[in-house]
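The letter at position 23 of the sequence shown is residue 23 when you use the UniProt record's numbering, and the numbering goes up by one with no holes.
Hints are supplied without guarantee of correctness; some may be wrong.
[Claimed, not checked] Below, in silico cross-link-like pairs of lysine to aspartate or glutamate (EDC-like), each with a Cα-Cα straight-line distance of 20 Å or less:
#	residue 1	residue 2
1	Lys114	Asp61
2	Lys202	Glu158
3	Lys223	Asp61
4	Lys223	Glu237
5	Lys301	Asp329
6	Lys227	Asp329
7	Lys202	Asp32
8	Lys37	Asp196
9	Lys114	Glu68
10	Lys202	Asp220
Hints are computed from structural coordinates only; laboratory data are not their basis. Quantities reported herein were computed from a predicted structural model and do not represent experimental measurements.
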Amino acid sequence: MTAAKLQQSETMATKLPSDRVPSLPKYRELLDPEVRKNYNAKLKSIANINPYNVSRNVFTDSWELWPEIQFPDIVNYLLFSTSNNTKEELKAYKSLDVYQYFVAGWVRCIFVGKASTDVRILIGKLNIDDLLKKSKETFHAMKITPQQARDIEEATREQSKSSLWFGMRAGRITSSKFHQACHTNPLSPSVSLIKDVCYGSKFLTAAVRWGRTHEKDALDKYKQAMKDKHQDFHINESGLFINPDHPHLGASPDAISSRKCHGAGCVEVKCPYSARVGPITADTIDCLVLTPDGRLQLDRKHAYYSQLQLQMASTTYHFVDFVVWTPSDLFIERVYPDNALSALTWP
């Protein structure tokens with residue numbers, strides 16, 4: 001979707017059939033808050049008109065309503081217009097690909113509608129078969145070197161405080177979404193999952209705020225408990241780990257632990273908001289179950305178990321210490337790679 005300045009003139013045009021331009025009145029409301037914010041920012045350039053929530057008669061395929069595009073307009077757009085997400089100039093990043101897509105016939109129809117006296121909205125419909133082919137080519141072309149992976153991890157250790165962390169996660173299936181990605185229907189994937197993978201979300205629920213607020217408390221308790229059992233025990237910050245063998249995946253453990261006796265491993269902390277009062281039991285913590293011999297352990301069918309498996313695959317460490325913290329209790333379980341699960345899920 002683009003908008004362009006026009007000279008103040010208007011020509012009557014034949015309207016399109018009602019099924020040619022989609023009407024999605026709830027599209028904006030269903031977006032995640034951060035994505036909706038970016039979407040609203042884009043709408044400002046077209047008089048705050050949501051093209052998916054207007055009369056179907058607004059759009060036409062008549063070329064007579066197209067804006068008069070001059071060469072300077074093209075140069076200004078491709079070189080000097082800025083990205084709504086990064087605020088950086090495009091610097092012709094789009095130019096060649098956009099032109100090739102149009103010439104190759106990916107853009108089958110272009111519709112135009114009037115946003116205001118001097119602004120028009122243009123919508124292009126794309127060939128889905130070609131897009132799917134291109135997406136597969138893009139997937140298989142993803143490459144990252146070991147050095148690049150190390151640099152990314154070191155540069156993103158502030159995690160949610162780092163814009164680079166959000167940027168490098170975009171388009172990758174990260175460990176917190178891994179379980180959902182493995183269980184969605186490939187023929188009809190979850191729309192919310194796709195949005196989370198592509199755009200991420202900075203929306204904070206009460207549970208997320210509670211977890212972030214008390215993550216350091218949990219790590220301090222964990223460190224104290226482990227120091228009593230292990231020689232020369234340390235924990236360090238963790239950034240986004242990307243395994244060059246699986247560059248479309250990524251994981252950000254809460255910390256990396258190290259000790260002389262067992263080497264290094266991941267640490268994943270959970271501070272359940274729903275169990276902030278009382279002891280840790282299988283009844284109060286939904287991710288924990290009792291084994292036949294009465295021990296608490298992480299449920300192997302829970303999303304957290306899949307999360308830990310991807311953390312190990314991304315970091316190449318051989319264990320994760322899974323930590324559940326409440327103000328009055330602490331649970332620690334060491335989880336190892338599940339080779340059977342890995343064989344089924346690694347693309």
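Name the hints, by number, that the structure is in violation of. 3, 5 and 10
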